[in-house]
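Peer 1: Please work from the sequences and hints to get the whole structure.
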Amino acid sequence: MALSTSEEQLMQLLWKQEKALMKDLIEAYPDPKPATTTVATLLKRMQDKKFVDYKQLGRSREYFPLVKKADYFSKHVNGLIKNFFNDSAGQFASFFTRETNLSQKELEELKAIIDSQLKAKKQ
1455 MALSTSEEQL
1465 MQLLWKQEKA
1475 LMKDLIEAYP
1485 DPKPATTTVA
1495 TLLKRMQDKK
1505 FVDYKQLGRS
1515 REYFPLVKKA
1525 DYFSKHVNGL
1535 IKNFFNDSAG
1545 QFASFFTRET
1555 NLSQKELEEL
1565 KAIIDSQLKA
1575 KKQ
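Position in the sequence shown counted from 1, then plus 1454, gives you my numbering.
Mixed in with the good hints, there may be bad ones.
To be verified - Calculated pairs, DSBU-like style, for lysine-lysine (alpha carbon to alpha carbon, straight line, at most 30 Å): (1) LYS1575 <-> LYS1559; (2) LYS1504 <-> LYS1536; (3) LYS1536 <-> LYS1565; (4) LYS1523 <-> LYS1504; (5) LYS1522 <-> LYS1498.
None of these hints come from the bench; they were simulated from the model.
Peer 2: See below:
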């Protein structure tokens, strides 16, 4: 299940804070800040989707993520590769390197990462 753009923005704030009260999440938003009711609705939808949960602290709720950021974005990227690049990581890499105007240094850094992964797979 995926998050909406608004839910994803809130999830980013929660991943950054690791656990937070609603007032902390609202404070973390840039101006103009959303209404408390809006954030409450988003948190409820995210809870229904099993992305967040909370611990009751008196009259307040401390929210925390149930899904790790890396896991969410890994599924996101894999879905992108499957749906837009015929399930071909090579097509995705070709598009990414051509369309993002990477510098020679950035391309060399990517090559080093790939070389490192290749070496790890051989062992």
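Peer 1: Confirm or reject each hint.
Peer 2: Comparing the hints with the structure gives:
The hinted pair formed by LYS1575 and LYS1559 meets the criterion: a straight-line CA distance of about 24 Å does not exceed 30 Å. Our distance criterion of 30 Å between C-alpha atoms is met by LYS1504 and LYS1536, whose separation comes to about 24 Å. This hinted pair checks out: LYS1536 and LYS1565 have alpha carbons roughly 23 Å apart, not beyond 30 Å. The hinted pair formed by LYS1523 and LYS1504 meets the criterion: a straight-line CA distance of about 14 Å does not exceed 30 Å.
For the hint linking LYS1522 to LYS1498, the alpha-carbon distance of about 18 Å falls within 30 Å, and the restraint holds.
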